[in-house]
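Can you build the whole structure from these sequences, using the hints too?
Sequences listed follow chains Y and C, in order. All residue numbers in the first sequence are consecutive under numbering that gives the first Met the number 0, ending with 385. All residue numbers in the second sequence are consecutive under numbering that gives the first Met the number 0, ending with 296.
Honestly, the hints are just simulated from the structure, not real lab data. Heads up, some of the hints might be wrong.
[To be verified] With beta-carbon atoms standing in for the labels, derived distance ranges:
hint	chain 1	residue 1	chain 2	residue 2	range
1	Y	R148	C	F151	29 to 39 angstroms
2	Y	G64	C	G111	52 to 62 angstroms
3	Y	E182	C	K257	15 to 25 angstroms
4	C	M167	Y	V132	41 to 51 angstroms
[Said to hold, decoys possible] Residues on chain C that point at chain Y, a partial pick, calculated with CB under 10 angstroms:
hint	residue
5	S3
6	G92
7	V103
8	A157
9	G158
10	L221
11	M266
Being a predicted model, the structure only gives us computed values, none of them experimental. Glycine is no exception: its CB is placed at the ideal position from the N, C-alpha and C atoms.
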Amino acid sequence: MSTNELQRQSRLLRGVHRTLTGLHPALESLIAALVGLLVGAILMYAWGFNPWKAYIALIQGAYGGSYEWASSLSRATPLILTALTFSICLRAGMFNIGAEGQMYVGAIAAVCIAYFTLPPGLHHIVGLIFAAVVGAAWSLVPAALKLMRGVSEVISTIMFNWIARWMALYIAIFVIVDPIRTERTVAIPLSARFPILVPRTDLSYGIFVSIAFALFIYFLLWHTATGYELRAAGLNPSAARYGGIRNKRTMFLSFILGGISAGLAGAVIVMGMPPTYAVIGGGGLPQLLNMGFDGMAVAMVGRNHPLGIIVAAVFFGGLNAGGRVMQFYGSNPVPLEMVRVVMGAIVLAMSIPELIRLFPMAKKGGENLIRTIRRATRGATEEESA
Amino acid sequence: MSFSDVISLLRISLHAMVPLALTAVGEIVGETAGLFNIGLEGILLLSAFAGALGAEFGGPYVGLLVGMGVGGVMSLLFAVINTYWKGTQMITGIGINLFAMGFVAFGLIQLGAPGFHDVPRAVSLFKIRTPIGMYSPVILLALILPFVVHWFIKRTRAGLMLKAAGEMPEAADVAGININRIRVLAAVFGGMLAGLAGAYMSVAWLGLVTKGLSAGRGFIALACVVFSGLNPLLALLAAFIFGFFQALAEWVKTLPSKPIPGEFVSMLPYIVTLLVVSGAIGRVRFPKFLGVPYKRE
Numbered sequence: 000m001s002t003n004e005l006q007r008q009s010r011l012l013r014g015v016h017r018t019l020t021g022l023h024p025a026l027e028s029l030i031a032a033l034v035g036l037l038v039g040a041i042l043m044y045a046w047g048f049n050p051w052k053a054y055i056a057l058i059q060g061a062y063g064g065s066y067e068w069a070s071s072l073s074r075a076t077p078l079i080l081t082a083l084t085f086s087i088c089l090r091a092g093m094f095n096i097g098a099e100g101q102m103y104v105g106a107i108a109a110v111c112i113a114y115f116t117l118p119p120g121l122h123h124i125v126g127l128i129f130a131a132v133v134g135a136a137w138s139l140v141p142a143a144l145k146l147m148r149g150v151s152e153v154i155s156t157i158m159f160n161w162i163a164r165w166m167a168l169y170i171a172i173f174v175i176v177d178p179i180r181t182e183r184t185v186a187i188p189l190s191a192r193f194p195i196l197v198p199r200t201d202l203s204y205g206i207f208v209s210i211a212f213a214l215f216i217y218f219l220l221w222h223t224a225t226g227y228e229l230r231a232a233g234l235n236p237s238a239a240r241y242g243g244i245r246n247k248r249t250m251f252l253s254f255i256l257g258g259i260s261a262g263l264a265g266a267v268i269v270m271g272m273p274p275t276y277a278v279i280g281g282g283g284l285p286q287l288l289n290m291g292f293d294g295m296a297v298a299m300v301g302r303n304h305p306l307g308i309i310v311a312a313v314f315f316g317g318l319n320a321g322g323r324v325m326q327f328y329g330s331n332p333v334p335l336e337m338v339r340v341v342m343g344a345i346v347l348a349m350s351i352p353e354l355i356r357l358f359p360m361a362k363k364g365g366e367n368l369i370r371t372i373r374r375a376t377r378g379a380t381e382e383e384s385a
Numbered sequence: 000m001s002f003s004d005v006i007s008l009l010r011i012s013l014h015a016m017v018p019l020a021l022t023a024v025g026e027i028v029g030e031t032a033g034l035f036n037i038g039l040e041g042i043l044l045l046s047a048f049a050g051a052l053g054a055e056f057g058g059p060y061v062g063l064l065v066g067m068g069v070g071g072v073m074s075l076l077f078a079v080i081n082t083y084w085k086g087t088q089m090i091t092g093i094g095i096n097l098f099a100m101g102f103v104a105f106g107l108i109q110l111g112a113p114g115f116h117d118v119p120r121a122v123s124l125f126k127i128r129t130p131i132g133m134y135s136p137v138i139l140l141a142l143i144l145p146f147v148v149h150w151f152i153k154r155t156r157a158g159l160m161l162k163a164a165g166e167m168p169e170a171a172d173v174a175g176i177n178i179n180r181i182r183v184l185a186a187v188f189g190g191m192l193a194g195l196a197g198a199y200m201s202v203a204w205l206g207l208v209t210k211g212l213s214a215g216r217g218f219i220a221l222a223c224v225v226f227s228g229l230n231p232l233l234a235l236l237a238a239f240i241f242g243f244f245q246a247l248a249e250w251v252k253t254l255p256s257k258p259i260p261g262e263f264v265s266m267l268p269y270i271v272t273l274l275v276v277s278g279a280i281g282r283v284r285f286p287k288f289l290g291v292p293y294k295r296e
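This is the structure we're talking about:
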């Protein structure tokens with residue numbers, strides 16, 4: 000990589016960690032979340048729904064009781080891990096959009112442990128290691144392409160997502176398929192399933208894997224020399240290189256950690272999500288689909304910080320869990336897809352660094368517009384009267 | 000493989016080339032001015048959906064125009080955030096993609112059938128009948144436009160201003176060029192082309208909208224731009240190569256003998272994109288201030 004390119008990349012990234020002028024990062028995320036919900040409300044209103052009722056149903060469905068909290072947390076479990084994938088690489092100065100594909104291959108690898116018997120505990124660990132190794136291996140190829148050929152990781156990871164998707168579908172349908180129920184793969188054996196944490200919900204002990212990994216990443220990035228090098232390389236690559244940090248090494252490290260994280264996400268989905276405990280191949284991997292992309296929204300709202308990500312994942316997990324309630328809510332069934340519209344709007348709002356300053360700017364712009372229109376209409380009426 | 004097979008393969012490649020070429024040429028204009036839009040995928044999807052609705056409302060031309068309008072508006076949003084409001088381009092692009100994925104899936108449910116929506120034959124765009132198959136007139140546009148844009152960037156004053164906005168915004172600003180306005184205009188032009196490409200897919204080519212209609216085409220168009228090094232003519236060539244492999248994948252799938260499993264054939268366009276891009280890098284050079292919001296000191 001040339002110095003020029005490094006400089007360009009650092010300029011590209013400078014905006015990512017920047018916060019509002021004088022505002023706390025958490026407050027900025029909150030404002031963005033409110034803007035996103037507002038955009039969602041406007042769209043719902045435009046399509047003839049009652050946004051107020053829909054949001055009440057959503058919030059009740061997300062945080063209304065212990066069952067609702069459990070299902071929100073269960074949906075947050077993989078989101079924490081896929082968000083970490085994006086954040087670790089962003090901290091090191093790279094846009095890894097490949098969490099989706101790395102998660103697919105991780106899930107497939109985790110299912111493969113169904114073929115041998117091990118005592119519980121060991122079986123869990125072997126499953127997680129399988130998924131982590133395969134996820135990391137999958138993310139290494141874009142990293143190597145970037146390093147050796149200079150291919151933009153944005154393009155290569157996206158292409159790898161599609162390749163992973165078709166490969167996972169092929170393996171799920173033809174290779175490790177359940178001989179009796181051909182729409183899904185063989186199920187994870189009992190000895191490797193994460194036990195349910197709250198009875199009669201789908202929240203399993205898998206959430207501790209996510210939280211432990213998030214804490215590990217926090218410790219690694221902020222309390223070790225390696226993590227310091229990684230963050231320094233992301234903030235200013237050329238300065239880091241003059242300071243003796245080997246950029247190539249930190250880049251590989253960030254991709255490996257990201258791949259491990261995404262692979263684990265695949266594993267906690269298949270090993271900890273009742274009732275199937277298998278990858279469903281029919282209909283295009285429905286239980287895995289878009290988890291990687293949603294993770295990017297979580298990472299942004301979590302300010303690319305492992306602890307922030309946990310909070311943001313509970314918020315987005317709540318949106319997903321509440322969205323399921325919202326879509327069956329009596330007279331006002333808003334489809335679940337609305338949740339992703341809200342996510343997109345939140346990310347859009349997050350990309351504006353001076354969001355809070357937009358309100359006075361918009362007011363001023365509106366006043367100018369009204370003045371111009373008034374002047375134009377007055378001109379027109381004067382012409383008519385003349 | 001008989002002669003008629005070759006012809007039909009080339010015909011489908013031309014059809015598949017159009018959205019890639021239009022999107023790539025639009026993105027070249029945007030990147031020359033310094034805006035890197037990875038939200039193209041979302042813009043393609045949104046405009047395909049809006050174009051289909053517009054076509055059902057007022058015929059194919061209205062559909063194409065609505066698609067261009069939606070593409071332009073989304074790009075306007077992208078450009079304003081990343082020029083006047085000093086946003087981060089990658090994040091805005093990711094936001095547009097997420098928003099489009101959710102909005103189109105939501106809209107398709109509202110139209111009745113979750114997952115897909117057929118555009119009636121009656122409102123799809125007319126096709127020009129030639130001895131070697133039927134072609135949509137948009138193909139002509141996609142073949143001519145790269146040359147026009149190439150001439151515009153290389154030979155006109157406005158094209159030079161565009162380059163200055165991407166290469167040396169400070170100098171251009173001193174020379175009295177309004178950097179932000181140029182960037183917004185360039186991005187809106189690019190977005191309108193991407194919108195046309197999206198509407199072409201639903202109204203003139205495939206005749207349906209699905210929630211996965213864009214299928215990575217926005218990113219493949221970005222790969223075309225990377226391959227071309229911001230030369231519209233090379234981008235057209237790249238679009239044809241990628242279109243050809245998409246067509247090849249579709250063609251292999253229809254073979255009765257099924258020499259390769261369908262899933263592997265579907266990977267082909269993405270693998271080829273990766274190979275071509277990793278072969279092409281190294282000689283291309285992008286504008287110095289690509290992706291950086293311009294701030295007066």
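Looking back at the hints listed earlier, which ones does the structure fail to meet? Hints 2, 5, 8, 9 are the ones this structure does not satisfy, whereas the remaining hints hold.
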